[in-house]
Structure formats: structure tokens, C-alpha cells
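One letter stands for each residue in the lines below.
Protein chains: 2
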Amino acid sequence: MKIVVTGAAGFLGKRLIRALLERGSMTDSAGERRPIEHIAAFDVVPLEGIDDARVQVSTGDLADPAHLERLVDAGTHSVFHLAAVVSGQAEQDFDLGMRVNFDATRALLERLRALGQRAKFVMTSSVAVFGGALPACVDDSQVWAPQSSYGTEKALADLLLADYSRRGFVDGRSLRMPTIVVRPGKPNRAASSFASGIIREPLNGEPAVCPVDPRTVLWLMSPLRAIDNLIHGHELPAAQLSAGRVINMPGLSITVADMVASLRRIAGDEVAARIAFTPDPAIERIVNSWPGNFSARYARSLGFVHDDGFDSVIRAFIADASTVAA
Amino acid sequence: MKIVVTGAAGFLGKRLIRALLERGSMTDSAGERRPIEHIAAFDVVPLEGIDDARVQVSTGDLADPAHLERLVDAGTHSVFHLAAVVSGQAEQDFDLGMRVNFDATRALLERLRALGQRAKFVMTSSVAVFGGALPACVDDSQVWAPQSSYGTEKALADLLLADYSRRGFVDGRSLRMPTIVVRPGKPNRAASSFASGIIREPLNGEPAVCPVDPRTVLWLMSPLRAIDNLIHGHELPAAQLSAGRVINMPGLSITVADMVASLRRIAGDEVAARIAFTPDPAIERIVNSWPGNFSARYARSLGFVHDDGFDSVIRAFIADASTVAA
Numbered sequence: 001m002k003i004v005v006t007g008a009a010g011f012l013g014k015r016l017i018r019a020l021l022e023r024g025s026m027t028d029s030a031g032e033r034r035p036i037e038h039i040a041a042f043d044v045v046p047l048e049g050i051d052d053a054r055v056q057v058s059t060g061d062l063a064d065p066a067h068l069e070r071l072v073d074a075g076t077h078s079v080f081h082l083a084a085v086v087s088g089q090a091e092q093d094f095d096l097g098m099r100v101n102f103d104a105t106r107a108l109l110e111r112l113r114a115l116g117q118r119a120k121f122v123m124t125s126s127v128a129v130f131g132g133a134l135p136a137c138v139d140d141s142q143v144w145a146p147q148s149s150y151g152t153e154k155a156l157a158d159l160l161l162a163d164y165s166r167r168g169f170v171d172g173r174s175l176r177m178p179t180i181v182v183r184p185g186k187p188n189r190a191a192s193s194f195a196s197g198i199i200r201e202p203l204n205g206e207p208a209v210c211p212v213d214p215r216t217v218l219w220l221m222s223p224l225r226a227i228d229n230l231i232h233g234h235e236l237p238a239a240q241l242s243a244g245r246v247i248n249m250p251g252l253s254i255t256v257a258d259m260v261a262s263l264r265r266i267a268g269d270e271v272a273a274r275i276a277f278t279p280d281p282a283i284e285r286i287v288n289s290w291p292g293n294f295s296a297r298y299a300r301s302l303g304f305v306h307d308d309g310f311d312s313v314i315r316a317f318i319a320d321a322s323t324v325a326a
Numbered sequence: 001m002k003i004v005v006t007g008a009a010g011f012l013g014k015r016l017i018r019a020l021l022e023r024g025s026m027t028d029s030a031g032e033r034r035p036i037e038h039i040a041a042f043d044v045v046p047l048e049g050i051d052d053a054r055v056q057v058s059t060g061d062l063a064d065p066a067h068l069e070r071l072v073d074a075g076t077h078s079v080f081h082l083a084a085v086v087s088g089q090a091e092q093d094f095d096l097g098m099r100v101n102f103d104a105t106r107a108l109l110e111r112l113r114a115l116g117q118r119a120k121f122v123m124t125s126s127v128a129v130f131g132g133a134l135p136a137c138v139d140d141s142q143v144w145a146p147q148s149s150y151g152t153e154k155a156l157a158d159l160l161l162a163d164y165s166r167r168g169f170v171d172g173r174s175l176r177m178p179t180i181v182v183r184p185g186k187p188n189r190a191a192s193s194f195a196s197g198i199i200r201e202p203l204n205g206e207p208a209v210c211p212v213d214p215r216t217v218l219w220l221m222s223p224l225r226a227i228d229n230l231i232h233g234h235e236l237p238a239a240q241l242s243a244g245r246v247i248n249m250p251g252l253s254i255t256v257a258d259m260v261a262s263l264r265r266i267a268g269d270e271v272a273a274r275i276a277f278t279p280d281p282a283i284e285r286i287v288n289s290w291p292g293n294f295s296a297r298y299a300r301s302l303g304f305v306h307d308d309g310f311d312s313v314i315r316a317f318i319a320d321a322s323t324v325a326a
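Residue numbers (the UniProt record's numbering), protein chains in the order written: chain A, 1 to 326; chain B, 1 to 326.
Quick caveat, the hints were computed from the structure, so don't treat them as lab data.
Note that CB positions come from ideal geometry on N, CA and C, so glycine has one too.
Keep in mind that the hints are not guaranteed to be accurate.
One side of the interface only, derived from the structure: several residues of chain B facing chain A at Cβ under 8 angstroms [unchecked claim]: (1) Gln-56; (2) Val-57; (3) Asp-61; (4) Ala-136; (5) Cys-137; (6) Ser-149; (7) Thr-152; (8) Ile-227; (9) Pro-279; (10) Ala-282.
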């Protein structure tokens with residue numbers, strides 16, 4: 001089978017491709033287990049660091065129909081669509097965010113519809129679709145009320161994926177991801193970038209700025225669990241998706257203060273002292289509009305997993321950093 | 001001020017234009033009351049039957065940028081966007097529904113954004129955005145889960161309107177309308193068409209088919225209250241819209257059996273006997289996915305109105321039919 005991965009050069013994309021190569025086979029939409037013969041790894045920058053004959057790297061513009069036709073073809077059984085403009089950037093550049101986060105997703109869905117093979121389409125959505133007056137623990141029946149263009153674009157894509165699946169154009173699954181922590185590499189323009197930065201930078205001997213109040217409650221998932229869930233979300237039979245194709249993932253609800261306490265426990269006072277708390281109202285406004293806890297009842301019933309505690313998340317990051325290039 | 005009305009030749013469009021002409025003035029987004037100098041009445045078929053120098057009739061394609069530029073110009077203070085492909089047709093022709101119900105709405109919002117005047121933008125949405133497992137009475141916090149492409153397209157437009165408003169591109173208000181009953185004229189391809197047909201046709205001496213079970217609960221609003229609410233929705237100051245721009249309207253929750261009983265009370269047994277109950281599974285599937293009752297708490301707090309009972313809805317239809325061309 002051929003699997004397309006967009007956002008392949010990102011830290012999740014790269015880890016997903018490694019996990020797929022290691023598994024060696026996946027289940028198609030007819031429920032048949034097939035060997036993975038090709039992985040088309042697409043991103044705006046070329047994927048590097050994976051040397052496997054099954055992986056074809058390409059770059060380009062997803063909204064360009066000619067490129068899309070080459071990338072997604074009649075042999076494509078599955079697409080993992082991870083490519084996105086992050087929240088801070090989508091807020092700054094509305095047109096770019098709409099084009100990448102919505103129009104490109106629509107173009108991908110249209111391409112799969114035209115091919116007529118009901119391919120599996122696994123996408124990452126975001127808790128940024130929620131906002132406004134929210135209960136302490138958000139249930140699966142909670143209305144979407146995005147307070148950012150990123151959240152709006154993810155909600156638009158979710159609706160489209162659900163209708164394309166209902167009509168049988170694709171076999172879609174959208175996973176509403178918590179904030180993924182600890183991301184490796186450099187800070188990015190996501191409003192949530194600090195959530196990884198306050199762990200990663202101090203561990204690397206560098207200073208970090210926390211732009212939100214330590215009492216801020218975050219909803220987190222580690223990269224390891226994210227990959228587990230992406231693969232699980234792909235493998236679930238369509239018949240089990242009784243409550244729809246858009247699934248709020250389980251996660252870890254934790255305050256920033258408890259994250260720092262965890263870092264202090266594992267790495268010591270000197271490391272934790274590298275975090276400076278300097279409020280940034282623009283980031284606080286976006287981050288505080290995101291819920292800090294979810295019931296994720298539907299996802300749990302489907303067997304999606306979450307991290308047991310933040311200490312193990314930090315330990316996994318340290319272990320990962322020592323074995324994987326960022 | 002100039003007001004653009006799309007879907008102007010429809011029964012709501014026509015009644016809205018008459019109501020606007022009668023009022024003579026409306027409030028712009030700065031809160032200033034202005035005389036209505038121009039109403040640009042757009043539809044795919046020309047508006048007929050309104051003879052007033054303030055009304056300019058045009059036809060064309062809303063998704064065509066050249067047409068849109070002529071229709072919506074720097075003098076446009078407000079747009080009432082009522083044009084839509086109805087639910088049954090949008091389900092049959094996915095591309096047409098997306099183009100009219102979503103792409104044309106987006107093009108309109110983009111045009112207003114480009115003009116940079118934060119024009120008022122009042123749109124009709126639909127209870128078809130809801131579906132799946134629902135409580136007996138749907139609250140404003142209920143998640144959207146459309147079970148039709150029409151519902152999906154209306155939810156997409158709602159999300160866009162909300163973000164364009166949040167960013168200050170437009171001053172938008174989307175009114176989630178109940179099924180409008182009694183519509184004058186002929187049956188259309190809306191799945192809800194029968195809800196008017198079972199009252200209208202018997203009163204006109206014609207047979208009617210009811211494709212759903214008499215126990216089906218519908219959520220209704222009369223054309224009179226719909227016009228009241230469209231104008232109220234336009235006039236509300238933006239500062240009052242504390243819980244967002246997408247508003248579930250209040251309505252009348254009633255079973256089909258009670259609608260028929262009301263018709264019998266007002267028009268007699270002979271008239272009510274003109275209704276034949278012949279189930280249509282395709283229509284039942286769509287109609288049964290729509291909730292039959294809403295709290296509409298937010299809308300009520302904002303002063304939106306609903307019908308007091310179905311007898312008065314029928315009486316208003318009879319009075320309207322004798323004074324207004326369909």
C-alpha cells in the first residue's frame with residue numbers, strides 16, 4: 001500500500017514515518033492488512049534523516065492541483081494529513097492560514113474523492129476549536145466556538161472531513177489533539193510553543209520564558225502517545241466510529257506550576273530556575289481560551305491512550321533527545 | 001445607506017425588502033440610524049412585484065468576483081445574505097451546495113473585508129447543523145454534528161462569519177432559523193418542504209403528502225417572526241453579542257399531528273382530510289436528525305421573538321395569502 005504523509009518533516013511527521021516503517025503493514029479501508037510499499041513524505045521543506053527505500057520525499061504546494069495529482073494517486077490507500085500553519089502564525093496572516101489549514105485540506109479531500117477509492121484520511125485537529133464559556137471539564141457534546149483563526153480553520157476542516165466521510169468520498173478520522181509536549185527542536189510560532197520551551201530549553205541549559213500564569217491549566221499529550229493515537233486512529237474499523245469522525249483525544253490536565261515542579265523533581269532546582277515568568281497578553285488570550293480538561297469519553301471508548309503523568313513525559317523526552325535527531 | 005439582499009426573489013427576501021422599505025431607515029455598524037436609499041435585490045431569478053425607486057434588481061452568480069464587485073460596493077452598509085441551495089438539493093448535488101452555500105458566502109465576506117468598512121452581515125443559518133445523539137431540548141452549548149451536506153455548509157459559513165467578525169472584517173450575525181412555516185408558493189426541494197405543504201395545499205383545495213410520522217416533532221417559525229428577527233438581528237448593537245455571532249433562534253416546538261389538529265380546528269375536517277401520510281425514508285432520515293426543541297437562551301436574552309401557537313401561524317398565512325402575491 002501507499003501512504004501519503006503531509007507535514008512529514010515536522011517532528012510528528014518524522015516520528016510517524018519511523019513508526020510506520022517499523023510496523024511494516026497497515027489496514028486499508030476494506031479492513032485488509034497490507035504491507036507498506038511506499039510512503040510519500042511531503043512537506044514545504046524536505047524530510048531529512050530517514051534512509052529507507054520505501055520513503056519518497058517531495059516538497060511543494062498542497063493547494064497546487066498539479067502537485068496534488070502527483071502526490072496522491074490511484075495507488076494511495078491512506079493519507080496522514082499533519083501539515084498546518086501554527087496558531088500564532090495563522091492569527092498573524094489570515095490568508096496563509098486559510099489557504100494551508102483549510103483550502104489545502106479541502107483540495108486533498110477533493111483529490112481523494114475524485115480517485116473514488118474511499119481512502120483513509122487521518123488528520124490532526126486541535127482543542128483550539130473550543131472557546132467562550134466552558135465547563136471545567138469539556139464533554140464531547142460541547143459546541144465549538146473558536147477564538148482564533150487557527151481554531152476556526154481546524155473546525156472547518158473537521159466539518160468537511162465528517163461530511164466527506166458521511167458521503168463515502170473518504171474514510172476520514174480527525175483527532176482533536178491536546179498540546180503536544182515536549183516538542184524537540186526550536187520554538188515555533190504556535191501560541192502553545194512555550195509549553196515545550198519551558199521544559200526543553202532549561203534541560204538544554206538555556207533560559208526559557210513562560211508567557212502565561214503558572215496557574216494556567218493545559219491539556220497535554222506527549223509525542224509518543226500522539227504517534228500511538230495516530231496509528232490507532234488509522235487502524236480503527238469505520239464501523240466502530242458510531243459517534244462520528246471527529247474525536248476529542250484523551251490527555252493530561254496539568255497546571256504550568258505542576259509542569260515546572262515535575263521538571264524540578266527530575267532535573268533539579270538549577271534547571272527549573274532557568275524559567276522566567278513574563279506574561280504576554282496576546283499569547284495568554286489565545287491559550288486561556290483553550291480548555292484545560294476534557295472527558296474524551298468517546299475516544300476512551302475507542303481505545304485511544306493518554307500519558308499517565310508528566311514525570312514520564314519529561315523522562316521520555318530526555319531519552320528521545322539522546323537517540324533521535326530533532 | 002445601501003443594503004444588499006441576496007435571495008431577494010425568495011419569499012423571505014421579498015418580505016424582508018418590503019419590511020425594510022416600510023421602516024425607511026436602519027442602524028449601521030457604528031450605531032448610526034440612516035435612511036435606506038438603495039436596496040440591491042439579488043437573486044438567480046429577478047425579483048418581481050416590488051415597485052419602488054429605491055430597489056435595484058439584479059441577477060447573476062454570487063461566486064463570480066466581477067458580479068460581486070458591482071453588487072457590493074464602497075457604499076454598502078449592510079448585507080442580508082438569504083441565498084441558499086436548499087437541503088434536499090444540496091444533498092443530491094454536493095458541488096452545487098458547496099459552491100452556493102459556502103463558497104459564495106465566503107466570497108461575499110471576502111468582498112466586504114476588502115472594502116474595509118466592517119459592514120453588517122446578517123445571514124440565515126439552520127438547525128440542520130445539529131444531529132447525532134441529542135437531548136430532548138437542545139441548549140446553546142450543544143455541539144454541531146450535521147447529518148447532511150446542507151447542514152455542513154451552514155456550519156462552515158457560521159464559523160467563517162464568526163471569525164470574520166472577531167477579526168473586525170465584518171459585523172456579522174448568523175441566525176439559526178427553525179423551519180419556516182407556512183411558506184407560500186410551490187413545494188421546493190428542501191427536506192422540510194412538506195411542513196408548509198401539509199398546511200398550504202389543503203387550504204388551497206389540493207392534496208398534500210406528509211412523508212414523516214405524525215409524531216415527528218418540528219421546530220418552527222412563521223415568516224412574520226422570521227422577518228422580525230432578521231431586522232432585530234441587524235439592529236442589535238455588536239456590544240450586546242457577548243456569547244458570539246451565531247445565534248440559535250427561539251421557535252415553536254410542535255408535532256406534525258398537532259399541526260394537523262390545528263389545521264382541522266381552523267379549516268375543518270374536509271381540509272385536514274386532504275393530507276395523506278406516505279413515509280419517505282430519505283426525507284425522514286434528514287428531518288429526524290434535526291432537533292425538535294431548543295432552549296434558545298441566548299437569543300431570548302437578546303430579544304428575539306417566536307410564535308405563540310400554531311393556530312395564529314395558520315391564520316397569519318391565510319391573511320397573508322389574501323394580501324400578498326406569493
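- Message: Hint Ala-282 of chain B vs chain A: min CB-CB distance below 8 angstroms?
- Response: Ala-282 of chain B check fails; min Cβ-Cβ to chain A is 14 angstroms, beyond 8 angstroms.
- Task: Would you check whether Pro-279 of chain B satisfies its interface hint, that is, whether its CB is within less than 8 angstroms of any CB in chain A?
- Result: Status violated, d = 22 angstroms.
- Hinted contact Cys-137 of chain B with chain A - closest CB pair below 8 angstroms: 13 angstroms, violated
- Task: Would you check whether Val-57 of chain B satisfies its interface hint, that is, whether its CB is within less than 8 angstroms of any CB in chain A?
- Result: Since chain A brings no Cβ nearer than about 33 angstroms to Val-57 of chain B, farther than 8 angstroms, the hint is violated.
- Query: Against chain A, is Ile-227 of chain B within 8 angstroms by beta-carbon distance?
  - Reply: 27 angstroms, violated
- Return the status of the interface hint for Thr-152 of chain B: holds when the least beta-carbon distance to chain A is below 8 angstroms, violated otherwise. This hint holds: Thr-152 of chain B lies near chain A, its Cβ roughly 4 angstroms from the closest one there, short of 8 angstroms.
- Message: Ala-136 of chain B was flagged as interface toward chain A. Is the shortest Cβ-Cβ separation under 8 angstroms?
- Response: Given a least distance of 14 angstroms, the restraint on Ala-136 of chain B is violated.
- Query: At a threshold of 8 angstroms, is the proposed contact between Gln-56 of chain B and chain A supported by beta-carbon distances?
  - Reply: This hint is violated: Gln-56 of chain B lies away from chain A, its Cβ roughly 32 angstroms from the closest one there, beyond 8 angstroms.
- Residue hint Ser-149 of chain B, partner chain A, criterion CB-CB below 8 angstroms: At 6 angstroms from the nearest chain A Cβ, Ser-149 of chain B passes the 8 angstroms test, so the hint holds.
- When the nearest CB of chain A is found for Asp-61 of chain B, is that gap smaller than 8 angstroms? This interface hint is violated because 20 angstroms lies over the 8 angstroms limit.
Hint violations for this structure: numbers 1, 2, 3, 4, 5, 8, 9, 10, all remaining hints satisfied.
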